[in-house]
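Colleague: With chain A fixed as given, assemble chains B and C onto it according to the hints.
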Amino acid sequence: MNSFKLPPTGLRFEKIDKRYGGLYALRRVTFEIAPGECVVLAGRNGSGKTTLLRVASQIVRPTAGKLSFPGRDTAATGGNGLHGRPGYVAHTTMVYDELTAEENLVFFAKLQNVEQPVERAGELLREVGLIDRRTSPVRTFSRGMRQRIAIARALIHRPSVLLFDEPATGLDPTGIAWLANSLRELNKAGCTIVMSLHGESEISTLATRAVRLDAGAVVDDTNSGASLRSILNFGVA
Amino acid sequence: MATLFANSATLLGKELRTEFRSRELLTTTIVFVLMVVVLFSFTFDPSTAESRRFGPGLLWLAFLFAASLMLQPCFLREQNNDTLSSLRLAVSDPFAIFLAKVGANTLFLLVTELLMLPIFAVLYNVPVLPELPWLIVVLFLGSLGISVAGTALSAISAQARMRELLLPLLLLPLLTPVLVASTEVTVGLMDREPSVQWKGIGFLAVFDLVFLTALWLFGEYLLEE
Amino acid sequence: MTKRLLLGIVALLLVIAAAYASLYLAPEERTMGVIQRIFYFHVSSAWAGFSAFLICFVANLLYVWRRDQKYDWLGVSAAEVGLAFTTVVLITGPIWAHPVWGIWWTWDARLTSTFILWLLYVSYLLLRTLVEEPDRRALLSSLFGIFAFLDVPLVFGAIRWWRTQHPSPVILGGANSGLDPTMKMVFFFSAFAMHILMIFLVMERYEVEKMAGEVEVLRREVEVV
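Protein chains in written order, with this note's numbering: chain A, 1 to 237; chain B, 1 to 225; chain C, 1 to 225.
Next up, chain A with everything else stripped away, as it sits in the complex (with noise of 0.2 Å):
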């Protein structure tokens, strides 16, 4: 995760909106995410948080508006878009339980064209601290190990843009210390960072950035002067 740089991108939302039948999940969901920001996405439960990171993700399909990524140059990343998809930690792993943790790793990386796909994966496995659970599947992993994994996927192809759904979930203070740490060094690396907090902790103090989220829209954003501290604390004095 360290000692390189990653080309800037940024992310565009214009008018998203995502339908689920009456129901809309996303409401013309408009802002613009500069290259290298560390942005906190917060609302309450069912306000459209992890709908717009799937949307991000570019995993669902908005029913109407446009996702882009400004500042995303193809050639500069080697004709291959290795930094092309954005890393996305989700609330499941999306990774093989049958498979063990190294197969997992290799095995996306292989997808991913990502070179040296072993060495990486090994790479990433020391990063996370699980290096020696490599030849274990994923099935007996605990919660904590599970959220590692889930991450490790994630940055496997160096991805510019990181987008982490509730990242603190099932981490100890130990483990939520590590993480706070990793995501600074990728932010400082060049790594956009786009995530959904419920509320304060280490994590959020990364953060330059934060968009509130009710019903699907957009009510509250640090970059129109609200603070940093009202919107992750919407409702409290």
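Worth flagging that the hints you see were computed from the coordinates, not collected in a lab. There could be a bad hint or two in this list.
Stated by the list, open to error - Straight-line alpha carbon distances no greater than 30 Å define the calculated BS3-like cross-link-like pairs of lysine-lysine that follow:
no.: 1; chain 1: A; residue 1: K66; chain 2: C; residue 2: K210
no.: 2; chain 1: A; residue 1: K5; chain 2: A; residue 2: K188
no.: 3; chain 1: A; residue 1: K188; chain 2: A; residue 2: K66
no.: 4; chain 1: C; residue 1: K70; chain 2: C; residue 2: K184
no.: 5; chain 1: A; residue 1: K15; chain 2: A; residue 2: K66
no.: 6; chain 1: C; residue 1: K210; chain 2: A; residue 2: K15
no.: 7; chain 1: C; residue 1: K70; chain 2: C; residue 2: K3
no.: 8; chain 1: C; residue 1: K210; chain 2: C; residue 2: K3
no.: 9; chain 1: A; residue 1: K15; chain 2: C; residue 2: K70
no.: 10; chain 1: A; residue 1: K66; chain 2: A; residue 2: K5
no.: 11; chain 1: C; residue 1: K70; chain 2: A; residue 2: K66
Modeller: Chains B and C alone, transformed into the frame defined by chain A:
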């Protein structure tokens, strides 16, 4: 293009590795086909002439039923931990996901069928050795057709309710042409004077091509969220 | 509103006229007698049903491409109407066969293929009942509808080539070769009348589906609040 095949190969490797570790799909499918073939033999008097005429049809029907069960976990298991999303994020062309699964499913069906062939030959007194190469051809083309349609429909049924009943319901009428053509070719090959039904083989190839193309054109929508 | 009503009246009149023509204007067929007159009804229903399924196919393609709900409404309307006409074909077949040949079902190639067609579109409708979210339902059923329609020529082809070897009474008999000119005229008039009826029914069903769709949107919005 190269990435498509490379990705498909990587994905196919994963499918095979997962299956050979647990072997649960293969064993249950083989046992199921065996049961159906034996049960069928109780429903008519298996004199050699009748066996030659009805046997192949019953065999293919058994394969069809087995496939409609075997294909259910295909996309269902990707719902565990939402691995379908990570696959979609990782591959540049979603068709690779389908190619790999079609390849794996065809292989599993073929292995099942080849294991069943000697048992079928013994139970129904039908010779399979003389025309074995051609039998393998029709088994391959038929299984490919079953896999292509089955994998596509499995992606659909995984997103609906009552998926265990739904997949056979969607798949069996759709595979009628494969059942008819494969049976005809197999009957010809198991006849007293074996013959190769070129029309049937060509027809199966056309079926496979039509549905592979449809899967290529519409696959990404099957996986869409 | 009045345009549809007018079309409905026209359709009714045409069908009545076609019925009259089939019963009184067309000459009696030499071998089968009066019962043969059902042919006008039976075959025109088949053609109208098939045209309805063609409309469904086009609507399915348009939905996948455009994602406009109205194409989904059109698709399900056309499928239901097509199924209704196909059911008529499957019922009039035996009604014709029994007095003429003394058997209820003839395994005639066309009738058998129509049965599979019927099963395919029943599955299409069944799939729809098993997916709750409207956009997902529309997408999945459109994709299945596309696969089903691509299968139809393959079904008809396979059954025609390989399931009409043994001598079996063919519903159309010698009717296709050298139809009496009056018979031909009555037939095409019946087919025309059936098509107008089909279009009217599809339009009516579309309006119902449109209303249901709008109600569902409102209901879901209210439920959230």
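Colleague: Against each hint, give a clear statement of whether it holds in the structure.
Modeller: Do the hints match the structure? See the list:
no.	hint	result
1	K66(A) / K210(C)	28 Å, holds
2	K5(A) / K188(A)	9 Å, holds
3	K188(A) / K66(A)	28 Å, holds
4	K70(C) / K184(C)	37 Å, violated
5	K15(A) / K66(A)	7 Å, holds
6	K210(C) / K15(A)	27 Å, holds
7	K70(C) / K3(C)	19 Å, holds
8	K210(C) / K3(C)	17 Å, holds
9	K15(A) / K70(C)	23 Å, holds
10	K66(A) / K5(A)	28 Å, holds
11	K70(C) / K66(A)	23 Å, holds
Hint 4 alone, counting from the list given before, is not met by this structure.
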